[in-house]
Each structure stands twice: as C-alpha cells, then as structure tokens.
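The primary structure of each chain is shown beneath.
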Amino acid sequence: MSMDIKKRFILFLMAAPLLVAGCSKQEQGSKKSQSQESPPVAVESITIRTAVEVGGAEVLLVPASAIFHKGELAGIFVVGADNRLSVRWISTGRSMNNDLVVLGGLDKGEIVVGTYSPALQEGVTVIKRVTAEDQTNE
Amino acid sequence: MNDGIAGKLAKQFINSKITPLLMLASLLVGIMATFMTPREEEPQIVVPMVDLYIPYPGATPAEVELRVAKPVERTLTEIPGVDYVYSTSMPDFAVVTVRYKVGEDAEKSMVKLWSTLMKNMDKMPSGVQFPLMKKVSIDDVPVLNLTFWSKTKDPFELRKTAVEVADELKKIKNIGDVEIKGGLKRQVKIVLNKEKLRQFNVSPLQIARQVQIANSQMTAGDFKQMNQEIIVRSGKFLESASDVGNIVVGIYGASPVYLRDVASVVDGPEEVSNYNFFGWAAAAPKGSVSGEYPAVTLTVAKRQGSDASKLADKVLAKVDELKKSSIPAGVTVSETRNYGATATDKVSTLLEHLLMAVVAVTVVVGFFLGWRGALVVLASVPITFALTLLIYYLLDYSLNRVTLFALIFVTGIVVDDSIIIAENIHRHFAMKRQPKLQAAITAINEVGNPTILATFTVIAAVLPMVFVSGLMGPYMSPMPIGASLAMIFSLLVALIATPWLSFRLLKTEEGHQDEYDITKTGYYKIFNTILTPFIESSFKRWVAFGVVGLMLVGAIALVPLKAVQMKMLPFDNKNEFQVIVDMPEGTALEQTARVTKEISAYLKTVPEVSSYQYYVGTNAPINFNGLVRHYYMRQAKNMGDIQVNLVPKDERKAQSHDIAKKVRAGVQQIAMRYNANAKIVEIPPGPPVLSTLVAEIYGPSQEQQIALAKQVKKVFEETPGVVDVDWMVEADQKVYNLVVNKERAAFRGVSAEQIAQTLRMSLAGMDVGVLHTDKELEPVTIQVRLPQSDRTSLQDLSGIFVQSQGMGTLTTRLRAGEMIPLSELVKVEEKIQDKSIYRKDLRRVVYVTADVAGATESPVYAMLDMDKKIEKLKVPGGYSVSPLYTASPKSDEKLAMKWDGEWQITFEVFRDLGTAFAVVLVIIYLLIIGWFQSFKTPLIMMIAIPLSLVGIIPGHLLHGAFFTATSMIGMIALAGIMVRNSVLLIDFIQIRRAEGAGLKQAVIESAAVRTRPIILTSGAVVIGSIVMLFDPIFQGLAISLIWGGVLSTILTLVVVPIVYYIVEKKSAKL
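Line order of the protein sequences matches chains F and D. Going left to right, the first sequence walks through residues 1000 to 1137 as my numbering numbers them. Going left to right, the second sequence walks through residues 4 to 1073 as my numbering numbers them.
Isolated chain D (complex conformation) (with noise of 0.2 Å):
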C-alpha cells in the first residue's frame, strides 16, 4: 500500500527524537501565554461609535432638526463604512450618533467623519457653535468602580477625597479613564444680592465682566539692563474667594463698589446638583452598618488590550496603601464593581470546565482503550490547547468568554483524530499481523486520510460562522476561528504526537487470539443482526425509512408547535443588575431622588440584594449595555440610576434574571404611585440592543406618529409578557418663554442679547472664570448666579436690571448705564416645550420600547401575538398598519412600524448562520466529491445531518430550553461531525470492497469496525459538552451536540450502511 501524507508523517515523526522535543515546546508556549493573553470577561469587540454634539442655542428642535441633523445626517450617510446615523433634535441643541460597521478601524473612522464634517461647517446656519466629537469605545466602560461613603463626611468632603486618590491612581500603568460620579466641587459662588445691585447700579453683566477681567495674568515682555534680561508680568490671578470679593465692580457716587459690597462670595460646594448615596441591602456582609450614606464612586476604566484584573489588583492595593494617607477616617471605601474579579471568576469557570471535560472524555477513551489509550488522548489536548492559545495570543484575542469557549466547544472534537488514530493503531496491535512499527504505519495509513478530510469537513462547518455580521459578529468570531485552529492543531498533533505516543504507550499484547477474525467481535454480531433485516428485505427496510422519517417530522414540528421556542440569547447569571428611574420631564431633582430612594429602600430588603447604591441627576457608572445605550447621557434632574449588587453567584439559588423578574412588580408599584416609569435593566448575554422589543414608527408627522406610538404602547402594555413598557416621547413640560419687547428693548438702549445672557446667568448661572490655586486637583469656578430662594418664580425676575447701553446704540436717548428693570421687558409666554425629535437613517421615527419576561421571553412570539392587535388599530386615513420585520418603510407617507431591538440582530445572526450552513452543506459536499470522487457517495453521507435534528429539538424540549443561536451553532458543528463519522464508515466499506469483500459483507463488517471509533468520537463530544449543560449561554449548544450526537449517531450508524447498500447495490450488480 502507497503511503499517504499521514504515513509519510507519521513515518518521520514515530521514532524521531524532534517528536518529544516538539510536543514540550508547544505546552511551554501555551503555558507562557496563558498567562500572557489578558483576561476579560467580554470580548473585545471593535464598534466605532462617535456622538456628535452640535449646539444651536435658542433654535427650536423642528429648527435643529431641519438646519442642522438633517443636513449632518446626510453627509454623514455618504462616509464608507457607516452603518446607521441616529440624532436626536432637542431644544438648542442636536447629537447625532454615528455608528460604523463592526470592525472597522476607529482612528480612521474619527478622521473620516471629521473631515467630512468640517468639509460641510461652511453649510451650517450662522449661530451653530462648533460641534463636540466624542468617540465612544467598549475601553470606556468602567471595569472597577470603588464608593466612597461616610457617615460623617458630605459629599463635597467625599468627592475631595475621591478626587485625591483618583490623582494617585491615575499614576498606575495601564490604568485609561479615571472619573468620579457624584459629589459636590468646590466652587466659588457670587450669590447676587437684587436689592444691593439695584441701589449701586451694578449690573449682573457688568460684574461678569469685571471678574473676567481682574481675572488676568501674563508676561509683558522683557527689560534690557546691564546684559541681563529681566521679565515684565502684569495682572494678577484671582486665588481666593477675598479676591473676588475685593474686585470693583462698579462705581457709586464717588466711591467704589466691591463685588463683595452687592454679592455674596461664598467659597464652598458647589449647588446641589445630584445625590448619590450607598446602603448595605439584606444580604450584606455580616457587621455592616444598616441605613444609606452619601456617596462618591470613582470608576476605573483600562486601557485597551490590558488585563483587567491585574489592573484592578494594581488598584486595589494603591487605595489600601492611600488608606494610611489620602483617605480619612470615617470613609469607608467599597468595591462597588470588579470586571477584573469577575473575568477571573469567568475564566477559570471555563478553565476549570475544560479540564473537566478534557478528564471526562479521557475517561470515555480509557474505558474503550484502556488506561493507555486514554493516555495517549489525554497526552494530545493539552498540546493542541497550548498551541491554540498561542495563536489567541499571537492574533491579540483575550481569554474572554468567547475564546475560552471556543475551546470548550472543541474539546470534544479535537481529541476526535487522535482518538481514531490511537484506536486504530490500538486495533492493528491487536490483529498482530504485522511487526509493531509496520503496523502502526499502516493503521495510521488505514485512518490517515480520511482522518485530514474529516478534520476539514469539521472545519468546514464552523468557519463560515465567521461571517455573521453585526453586533454578534466579535461575540462568534473567536467561536470559529478557535475551532479551526485547534482542529488544525489536533490534526498534526494526532499524525505526528499521537503516533509517537502509540508506539510508546500501546502494547501489542493486549489481543488474546492469535488470527484476528472480524466475525468473532461483539461488535460484528451486533450489526450483523441489526443490519441484516433491512438488507435482505426491502419491506423492513422502508418500514425503518418510514420511522426516521416521521421522527424527523416530529421534531420539526416542535417548533412551530411553540414546544420549544426560539430566543438569541438567554440571559446569563449575572451578579449585578440596575433599575431605571424615568420621572416626567420637569419633576424636580428632590422628587426624582424620593421616588429613587423609595425604591431603593424596597430593593433593600430583597433577600439576594448585597448592597445598592443610587444616583439621581447623574448617571451610575455605564457598563457595555448603557454604552450602547447611550446611559452615559442621563444626567438630567428627571432620571435616577439604581446599581442593584446581588451576592456572588455561588452564595444564592436564583439566577439574577429570576431575581428581576421578581422584583419587577415591587419595584413598578412604587414608581406607579408617583407616575414614573421604572425599568429593571439586567446585562444582555450577548450584544446589547435600545431595548430587548423596539417598534420604531414611521409617518407623515410627529403628531401622527405619536398618536399611533400612544396605540402601539397601550398595545404593549396589554400584552402578556411584555413589560417595562416605555416610549422616546417627553412628557408636557412648561416652558415659560420670554419674549423680549424689541421696540421697548431698542427704545431702552438694551440689546435682546443682553436680556439673553442676563436671565441665564441669573437663572442657570454663568461660570465666569476659574480660581487660580496650586492645592485643587479639581478646576475651581467661579459662578455668579441668583440664590435660590430668588429664582423660584416670575415674579422673582422683577427684580433683576440690565444696564441700558445709553447713546452709544443710536436707539434711545437715555444715557448709559440707566437700570432697566427685565419685567418691563419682555413678555411672558407660557407654553409646552417641544418634544424632541428622533431620527434614524435620515427618517423621523417615534420609539415604543419593552422589555420581556415572565409570560413570554422571547421577543418573536411577544411581536407575533401583538401584530395581529397591531394590524387592527385605527390610523387617520383608514389603512392598516402590519409591522415590517426586516426593512424600514419604503416611503414616509403612510405610517408604518417595524420591529427592531433584540429581534434585528436575532433576524440577523439566524440569516448569517442559515446562510453559513448553506455554505457549509456546500462546501462538505464539495469535499466529500474531491475524496470519493463521486456526486453520490456525498449525499450518502450528508444524510445524516438532518437526522441530527431529531435529538435536538427534542433535546432542548427536554431540558425546556429555548433554541437559541448557540443550539444553531451546535447543529452546525454537529453537521460537520456527523458527515466526519459517514466518510470514515464508507471509506472502510470501500477500503474492504477494493480488498475484494461483497457488498453486504463490507457493509456490515464497516458497521462493526467504524462503531467503535464512531461512539468514541462522538461520546467525547456528548461528555465534553455535559460540562457546558450548567452555563446558562451556552446551554444550548450542550443540548444540540449531546441529544443531536447520540441520536445521530446511532442512527448514522444504522441509516447510513443501509443507504449506501441500496445505492451501491444497484452498482455492484451491473
């Protein structure tokens, strides 16, 4: 017999001394990068996203809409690369949301879109101000967030301590964004006093400027003088509050007047502008103090490729250091978020999971092939690992969730080929035909080829996931790449390591017969009275078709039955999750922390709940979730943020997604009562979307829109298993508008501007300039604002003057600096204020959001149930709306709704993987031709992939869980694994017929022979996969490969001998 390339290998490699040499070199790479490769707990995934702020103050949102997002919009959709473009119009300002394709360079991302905008500032309205480009990036999601809360200390005295540790951490290397939430700065307040203004004549104008101006320092120049130069400065920095109260700002009568003469200057925190406060929950560690504190977080961001728990290691042990200094006594300091703890906790989860799958198939092997067998499998995993991690390390990939279960996923295929080769080579020992070094060449002679073209069609099947697109693509990518290189790996570790070993470890002793006759095995007997009936007579054979067939339409038939249901992804196991507070615009920061705290003290006595900590008026540090979700935005005095910390995972029986679902009621009856609108938030498992149900709705007008979105939520809201329901609709907020009197205004030498800036410094207060101190870490402003208790209503404005700008205007005879009192000029209008507008790929769409759980938790049968109530809601004009599924509306005259969230990406990975396994079917084919050389022999083969089906929708039925896009991932696989064990068994049968033996005979004698390494291979892949059973995510996946292998594989090995007879029959005959 020729040798094929795997004799030729195995040939150089079985008695080579390099072999041994190799096999140690490749675990000592794996081993230095395991620990090189940095761990995270997501995978890095590459979503250049940029937020646009453009400011265009005073302009209406329909004007900001048409002047500036519609325009921005526009050239921006021309950039190759965008994928979507969302802006938001609101009063005075737009942000547009520019989103690239996943995966394409962020730095050159930047700089396309900034050369286009600046290409296209030259078209923009005068009074548009320069835009911000704020880049938004996975690296900007905090992986460790520390509290600072005290009994005793305020949080103007909490955010100075925070600020100061934040300034020593910032020395660690690779730590990237260091930001603190919450607190009060210092600032340096000039509280306006009216009546005092009023009686010295001094505007509120007047005084800003006057502060900016003493405010000044600089170098004049420089004196000549007896060859030396001697350097002139002038101006002098204001240092202290005492300076800015000794500025003159005005003069009255024939002295001046100090700015501390018409103001107070108070140095100290600023005005309250959140609260932020920290509480142990009913699970906390025993001896913490009950009750909530105010707190500062100062969250902790990495730089990018860096690991994140060496990082926070790093800074855990900077802040027990700065404990002895920076930070006082009475704040205690809680890590209120680990990404590194976690990551670590993950990985060696996996780890852990893969030695245990590693150890249950060499179990399976060892009880096939003996302890020495089982060694000679064991001995090649670690060896295809170590060099698969390399190439992880090599490609920049981190050892993440993803990547590691990759591996897992694996584990049971790569031991596949050294399994076939071991056993075959065990077999030949056993013949005891030939000398010990000549059999083992022609065992591995035997299996060799078919062993690379199996390990192709497995590679085959799992490649093409690489092309799923979208946000899911980095979460898949390393699934199929991983997959392919440790397949890779295995192949040349079982043709090269595996030999080696074999030779070593396997003895020729083991066979008890002298001639070995293949009719005498267990095995030949078995298949011998199974496979006989059906060959013989055609009846039974068709009966038996008949059965398989029905099972297979049996399983089918489950999915449309709702027997088992399709969902992306489920939720995984999480130890955190947040709730979102949403008052109606215009609620008053005090109201929005009540309610907050109210539903904070509920979350508190929740029995799973470790601690919380609240945030209103500024947002809770963002996760990968809210970055997408743009969370970082919510800052206004309507919304509250609850950081809801559950107690490690092991410690509890509830999964944190039973956990939300339970305290969903509790947590809306309270924000119910005050007319809020409360969303339990848990971390997606897999790419974050707006919301899990998004039915964006298109239309003529913002009105009608909005009347069909006020159906579409009530729709919501009525269906069963459909909560947090929410819209992108402000609710009426009073607007008082001012309108300035131009004539009177022109007549009293007062320009609108003035009034403008008057009314904003009074009201929201003007930053007129920073205090010059070498102590702060913080910039200290200077503010100069109204108190409080005088800007509370109209009437309030009466008192506030704005200096007549005299002759100098041309418009009035009155002399300059006459006081003129605001109320006398402008008007007041009392309207609503304009509701922003949203807009998505250059159309207008209003947002209906909802989350699912309880009734139903999959979105797809949560929309199939609500479109029929959909269809029959009544639009002006008289036509119905049917929500659209994969495309938006073709034109914007009618209204129309589609569907988008969760579903988009689920549509969108199920068309990827469908479309990959197409591709896969392909490509098998394709291979299968190329080896047999055959167009039948192929398809043969292939039947067994269908027949996977029949284990596993029944399987997930079983174990009631949902499909999702792992179980898809696994069918795949398993398509690939199950046509590997066809070529093996019809390569034999045709190995024995070329030897001369009759159809029948090769038949069965195949059956006998490929049973065993079929069971084997396939049992590594059931028992590698049990471990996989227990991870919520990859859960289906398990099922898919444990009840599609088993009963698959029994019935390949029955189906596929009958088959291939009654083709070949026909052949053979002629």
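Only chain F is shown next, with the shape it has when bound in the complex (with noise of 0.2 Å):
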C-alpha cells in the first residue's frame, strides 16, 4: 500500500508541469470572455489535469469536489470556449488524493469549475477565475 502512494506521489509531480500548460491557456480564454454580455458569475475554474499512470498510460484527472451527483450519474460544470457553464456527465475510476480519475466525458485541455455549488445554472456566462494549483499535495 506505501508503494502506491509513492508512486501517486510520483504521478502528481509529473503532472506539474502540463498543468502550468493548462493555466496560460486559461489565460487566453478569460481575455476573450470581457466581451461576452449578460451578467456573468464569477467562478473558480481549473483546466483538467493529466497524470501519467504507471503503464505510461495518461489519465486525466478532476477534483472530487468538482463532481456532483445525480442518483449514479455523476456530473461536473465545463465552461465552454463561450465561456458558458454546461452540464457534461462523466464517469469516473479511482481516486488519486482529492482527484478522480475520468474515464468518460472530458476531453483534455477542457476547462471545468473547480468547486460544484448548486447554485450553479447551465448556460450561465461566466468569468474564469483561474485559481493557482491547488499545490498542498505535494
């Protein structure tokens, strides 16, 4: 069981640096978002995060937080390159920390909201505030 750690340990690090590629993408798309109408809602959004399995396979991963669920279908926010929130439904693996492992559903480089609130609506405009990496893990 240590081992396992380690070796999540290990994957998170190797992680760092695509998601600092994620973040100045982010950039970008909350530039384009100033001219978009409508009141829009502040949320903290993340680009997905990619881990590298043990086999060489990539994994993308989400925080569990971000998941909300309805009955068994598990789903999470994604603000669209219009920067409007949508529902996507996911299916997710194994936990890696606090993140899930998404088998379905996302695509990488897709930005999602990091932190589920009900009081979120599907298509409601919103500003990227794209927070620093959660980094306590490592």
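Keep in mind that the hints were calculated from the coordinates and are not lab data. Predicted model, so just to flag it, every value in this text is computed and none were measured. Ideal Cβ positions, reconstructed from N, Cα and C, are used throughout, including at glycine. Among the hints, a few may not be true.
Said to hold, decoys possible - What follows is a list of derived Cβ distance ranges for each label pair: (1) D/Leu135 with F/Ala1063: 56 to 62 Å; (2) D/Pro723 with F/Val1040: 43 to 49 Å; (3) D/Gln638 with F/Val1040: 35 to 41 Å.
Two independent chains are provided; combine them into the complex using the hints.
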C-alpha cells in the first residue's frame, strides 16, 4: 500500500508541468470572455489535469469537489469556449488523493468549474477566475 | 324502345316504398361503420419480418459468416414466400433478418421459419447457441410515449415510478407491449475487492458458484403422518442484499469467509448504462421550465386491429388517475408521442376534406342543374360512402390516410353516375315530350347502359393498381379497392336512389319552351361554330391535330428536360423528426452523451421545436421507419438518438421537411467537430427503406469492397444535394486480445474456459441470479463485477486470480485451490476489431447510404449524376464499375455496385403502375369493343387518354411539384374518366344516327347535348380534387386530376367528335 502512495506522488509531480501549460491557455480564454453579455458569474475554474499512470497511459483528473451526483449519474460543470457553463456527464474511476480519474466525458485541456455549487446553472455565462493550482498535495 | 338493365331497375324502384328505406338503412350502417372502424394514421401493413439472433461465442465475423450466417441463409431462402434474407456477422454472433413477401401470413411464416431452422440445427458447428427468434411487426411501434422527467428525482427513481405505472397500464384492454426506455434498474451489485480476494484466497468464479448455490429453494417432498401430508421444503431464496452478503464463499484458516468480507454488496441502481434526458425547447408551451432533466420513457404499443386514439385516451386517463397515487410529486409526465391523436387529427382533416369536396361538387352541380338537381346529387354521395365505409369495416380495413384518401379521390367520380342520370332526367323533363314518369324512365334508358359501361371503365382503370407489389402494395391497395367499391355503389345509387329522388325533386315546369329544339340551345350554337370549320375543311382539321400533337410532344418533353422531376413520394408535414448520432466505434458512452447533448442544445434553439429528448446507450422509441431500419438495435455506447418534437403543424409556417433541411447544417457542424456522423431522419411518407440512397457494393473480397465503398462514399459527399452520407463499415476499434498461454495454463491446472469466464465476470460483470422479493416489479439481478475503478486498464487485470483445479486435471502437481494471477497465464495482443460482414441474398455486401435534400430532392437525379463519376473510379483490375439499377450483379468475381433504397421501391412502383396502366388500356379497349361491337370506335375513344398528358405535365411544372406515384395514379384514373366521356359522346352520336340524323348533325348535336354532363362530371372531379392540392402527399394526384381533367375535357370535346367524323365519314358514304 505504501508503494501506491509513492507512485501517486510521483505521478502528481509529473503532472505539474502539464498543469502550468493548461493555466496559460486559460488566461487567453478569459481575455476573450470580456466581450460576453449578461451579468457573468465569477467561478473558480481549473483546467483538467492529466497524470501518467504506471503503464505509461495518460489519465485525466478532476477534483472530487467538482463533481456532483444525480443518483448514479456523475456530472461536472464545463466552461465552454463561449464562457458558458454546461453540464457534462462523466464516468469516474479510482481516486487519486482528492482527485478522481475521469474515464469518459471530458477531453484534455477542457476547463471545468473547480468546486460544485448547487447555485450553478447550465447556460450561465461565467468569468473564469483561474485559481492557482492547489499544491498542498505535493 | 326496349328497357335495358338500367331502365328495368329504375322502373322497379322509382315508385317503390322500399327505396327510401334502403337509402336510410345504408346511411345508418355507414354511420355505424364510421364509429366502429379503428382509426390510425398509417395503413396496416403486414410485412412478416423476423430477426434471428444466433450467438456463436468467441468466433470472428468471418467465422460467424462461414459457419452460421451462410448456411442459415441458404436454408432460409428455400422457404416459399421469403423475399429477402439479410445477415450481419459480428464478433460472437450473427443477426439474420428474413423478410417475407408483403401480405404473407405472419404466423404461418414464423412456423415455416422455425421448422426450417430446427431441421438444420444439427448442421450447426458446436459452440453455436440456441437462436433467438423475434418477429418484428408494425404493432411493435409504440403509439403513445410518455416521458417521466423530474428536477429532483434521478433515473433510478424515475424508472421505478415508470415501472409501477406500466404495471397499472397493462391492465387496460387492447394494450400491447408496454416498455420502458432509459433509467436505471435496481440491482444487487457484488463489487469485488481484488486485494481481499487475494487475501482470503477466494476467486470470482467461486463467488459466482456460491451465490448460485445459495439462491435456491425447493420442495423436497412430503411426510405422511396421522392421515395428513406435511410438505417438506428446503433452502431459502436470497431476499435482500444482506442475505447476499452473508453467503459463505470460502474457508480461510479455520473461519468462514463471508461474501461481505471480500466484496461490498450494494443494493441500488445499476451502473450507468444510458443517458436519457428531456428538455423543453424554443417553442415550448408557456411556463415550461428551461434546462434538461433526467427522463425515462414509457412506450405503449397497441394490439393489432385496435383503435390507437381510443387506447391513447384510455391510457392518458389512467395516468391522470395515477398521478394521485403511484406518481410522486415532482415527477412530470409529458406526452412525447401520441399517434392516437395524430391519427384522429389526420382522419378528421381528411373527413373535413371529404366534406369540402362533396360540398364543392354539389355547388357546381347546383350551378348547372339548379338546387333541386344539386340536392339529388348531394343525397347520393353519403349513401355511396356509407356503403363503402361499411365494406371497409367488414374487410377489416382501418380508417387511415390511405383508405380515406381513396374516398376523397373518388368523390369527384362517384357523383358522376348520379349527375349523368339526374342531368338526363332533368333534360327530358325540360323537353316535356312525355309524361313525367315515362320521361324519367326514357332518360334513364338513354344513358343507363353507357353509364354502366362508363363505370366499369373507371373501375377497370383503378383496379389493376391492386397489383402493385412490394412494400408499396399495402399503401396502394386500399385505394383501388375502395375506389372500385365506391364506384359500384355509386352506380347502384344512381340507378336506384337517384331516379327516385329526381322523380320527386326535379320539376317539370323548368322548361321555358313548349317544343324542345336542340339547335336553339347555347351549347349547340357554340359547337356548331367550333366544329363546323374542322368538319368541313380537312386543312383546318390537320392544323388542329398538328397543334394538339405539338402540345402533347411539348408536354412530354418537360420530363427529360427536368422541368418536371419524378419522385416516388414527397415528404409529409409531420410533427417530429429524429437525429441519429453515430460516434466512431469504441467511443465512450459519456463522450457520445456529450456530443448528443451538444446537438440537442442547438436543436433547442430552433424556433419550431417544442421539446426534445435524447437517448444515449439505448434506442429512442421506434417508429415504422425505425422498425424497418432496425433502429431498435441501436443500443451501443457509440450511438445516440434525439427525438425532436415540433409544434403542431397549424401553429407553424414551415413544413417539417423544410425545418429538417434547415437544421441539418447546424447539426452536422457540431457532429463534425467530434468526428461523429449525424443524420436527420424524417418519417418517410411511404414505405420505409434502409436509406433514401443506398449503394450496395459487391465484390470478390471485403477489402476491395471497402476500398470501392470508400471511393463511392467520397463521390456521394462531393455531389450537391446528397446529404447524410454514411457507410456501414465500422471504424477501427482497438481490441486487446488476451491469448491464453496453453502450456502454462495446463501446468497450473487452469482451464481456458475458467480464464474466459473470470475475465468476463470482472469486466462485463455476470448475473448470478435474481433477488427473490415480491415487492419489485422488475427482476432485481445479482451481479458480480469489479468496480469501475479497477477495470480501466490492462494493469488492472494483473490483480485478478483464478483458482487452480489442482491434481484433478492431471496436468498439474499444484494443489487445488492455489490462486494463480491471470497475468501469468495470458499474453496481450493488440489488434483492430474485425469488421462486421453484411450479406444480402447470399452475397457479401458493403452499404454506402445517403439522403437527398436541397439541390436535388429526388434520388433518381442524384443517382444519374453520380453514375458518371462512379464509372470513372479506378478499381484494381482496370475495369470500370457501372452502377446497376434493377438486378444485382451476376457474379462476385468483379467489383460491382447496385442502387437500392428508395430507388428500388420507386422502380417497382412505377413498373407495376406502368404495367397496370397497360392492362387498364387493354381492358378498357375490350370493354368498349364489347359494347360498341367495333374495333375502330374504342380507339377513337381512347385518343382522350394521351391528351390528358397535355394538362398533367405542365400542371406539375406550374405548381412546382414532383411527378409522384400519386400523380401516376391520377393519370391512370383519368384515363378511365376520359374514356367514359368519349363513351357518352359517341354513344349519343350513334343513337342520333340510328334515329336517322346525318353524320355531321349527329356529331355536333352529340357534342352539344353531352357537353353539360361531361363538363359537370369532369368539373366534379376537378373541384373535388382541389382540396387535395394542399396535402403534400396527394398534391400530385390533385394536379393530375385537375389539369389533366380540364385540358383533356376541352380537347376531348373537340378532338373526339372530329376524329369520329373522319373515321365514320368513309363508312357513312359507303
């Protein structure tokens, strides 16, 4: 079991450069969002992180706090290119610290709302406020 | 003058007390029949179609094809009545679809199929499992869909509610299948814990076995004791999750290992297998909530022969009632399909049209014969229709758009007999040559027999349409049958009821002069001036003929010039359409859901869309089209269906076809972004086909076929007007083939079967039994599976163990029960999934499909366009592939292509209608020969037939309409009507000549006397057809009848007398 934690730690370290790459993209995105109409809601959003598994396969990670459930369905709010929120149904695999591995429904580089709140609604325009990645795990 | 049949009949009934009673009785039975005949939108079509699912676990498509599909197909084609045999060979199983000829008895076909299959089961290779046979019939199509959706409830709860409602609904009389689409079932999940399994030395297979063993109960027998029987029962069924958890699955050390020690037992929703959401769209009713919500659809089918609308009403009433009990607050039930309502709507629209047609015709008659005459004619129509409806009821026809359309179609024709009789009685009354009763009988005698003949010519014209074969047959057959019946009844009414009515209603005082003189009537003067120059000058005559001939040639030339295009049937204006989303094979369910959701989000913004519902991982409730296209098999993870409901047609301007065309670009733009294929599927107006355009590619090998298909697909994509291009070749999907290392497995005492089963259990899960509760309506399965987090990669498989069988297998020295990691026994090979093999009528085929919209609406023109490009394609071997149209290629040695799809039906229909038309002409010819006892006269009369083309084709150009199958029907029927006009015309000439009038005098007089009834009857046809102009499907027929009717009537009145004059001039002088 201890092996496992070590492995995950290494994985997380390896994921760090990818995180940074994602962040720079977000900034470009948020510039565009200025032109949107309607009172936008500010949300804390993050880019989906990736990690490399033992076998060399890449996996996507999202924070567990971002996911909401409707019975068996697991959903997450995605911020689209037009800065609108949309619900995405995903399937998740194992957890890695506070993150869950996403098996289906999300693409690499997409931006999701970092923490789910019941107040969020589909179709709402948001301002992406990209928070510094939560580095406490490292 | 001797009385003919007509005269005799009239004499019998004109003063009989029984006549009004007969009329009343007919009306009453008609009204009764109208209410008792079931109503539906589509005609009842019996296409016995059977799907055979033959599992052959482990086999590759090629093997399945060779060992299962091929032999089964071969034996099935031997069955008499089988039309087509299709098969799809996929990894692990084959689907063979047998389609019988339309109209074959469904039960008999099933029995024949079953016995043939059983006879050959011994020839199947071992490993082939027992086939599943499913009959597919039109009554499987749900008539009512109820969507249960909720803001607060999840799919699991929704399904539970829907199941409870379904159970209640099943009690309703005449209800067919009730099914539930979407939602999640309750399941007891035994989620294995790999570490624990290893720790306690328990294998998944062992768990499965133990659960199965524990879940049993049986009556052991009985004791006899003191004169009493006491039953002994043993065992206990598993009734709850905790029962399952308490099963002992092994012994570790000295203590028992419970299932709950090595796995978590969860009682709750099954793993997500589908996404089903409902949302209101732009045109939603006011006050509807926005957003989309989890949904479950309950579909209700009806039993054969029952009334869809009545059933729907009963179901809806019941659901309203259940809202107080079974349906919890927060769950909304929306009606997302109600074919009962659309059927009622369609039937009442058609009945309305029928009424309008009758009123319009009456007004026209009234214009010529006065209101009394109009009343006589008006009275005869309901009686005719009442009797026809009675026959419909007795023949088990339903009231649908085809049967009712037959009535509208004949409205203009059935009044004719009455018009002719009433008009002649009116004329004779006006002439005042005889006492009233005598005048009436003379009048009937005069036109009675030609009327009978004329009626039969019209029947002869429409009846051969019964012989239209194929799927279009049932769409067509109620037409000729209904029309012929109505004609016969109208004749009887004209001979029995009309004289009675005329005798009482028409007045003798109407005439304004004492002695009738034909030469003073307006008609005579007109015809005298028109006809005389042609009769007297042969030059003018030939100029006239030349002009008419040119008009005819010009009209026909419009067809090859593409000014008038041919199409089988235009699209109807429906309230729904579907979007079919296909992701490349191997796409995750969530990704498909995402794309489908995004397309739905676009459709939501379309102003005419009222609601939508998407189904991913499960098929949307099918319609007749989906039935033929096998959409009910669309349950894979890469497939999504969107059901789009539009606002009712009277609340929107755009036709559904135009809306479908409009959204196509937007939908496909989104689809393209995700490499998906999205098709807009509309409900076809006629018989459904695989796709509007289908290219079947035959060839020596699958690779070559696919290579050519790829090129053909490219041609499709490049051709303007060709849309929704797709092919039935799966995308490459990655497959991990776990090859069992046989030596190592044997050495370890593990069998290949054990490995396969363990793997299957771990990945796909295995149902090991059901929970025995009496509260659940749906069976609750117990499933053993690894958690999703433990089955995401090959690495995960490393932790799975199988148990050695030990010494018992004789190949190992290990002791039994040793746990062997799977990874030690298998080797991973990565490859591409084999493609499915499609076969049609014993040959391999690759399908390329497409639809047409926009630039070309008719597939024929798109096909001709593409032919040239396809012929230029380069194929190995250097020959060119020229697409075939009517027959499949003779051999598979060379690559070949055949057009199918709508074309096949178009071809069959126009071929059959063409043949019918030829037969019609011969029958009409024979009938007239029989009557006039001359070979020449019938030919003169039939001149009118081609003349109708002068009106028909330019008429289509004028309306910008397609020349459709219904146009063709109109043309054929018109042949009968026009010949009847000629019959009446020439019959009168002959009567006058027999009375001693000169040829020229007789010709002009005849034209003058007969113009009124001819214009009246043709006018009735024209006016009666006008209401049909606004119906998208019957527009063609209306155009044919209106324009063909008008022009050929005018030309007939001039051309036929002149031709008759020329022909008879010689014999008259002799």
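To see whether the hints hold, each was checked on the structure:
A hinted range of 56 to 62 Å for the beta carbons of D/Leu135 and F/Ala1063 is inconsistent with their spacing of about 43 Å. The supplied range of 43 to 49 Å is met by D/Pro723 and F/Val1040, whose beta-carbon atoms lie about 45 Å from each other. Take D/Gln638 and F/Val1040: their Cβ atoms lie about 38 Å apart, and the range 35 to 41 Å holds.
Hint 1 alone, counting from the list given before, is not met by this structure.
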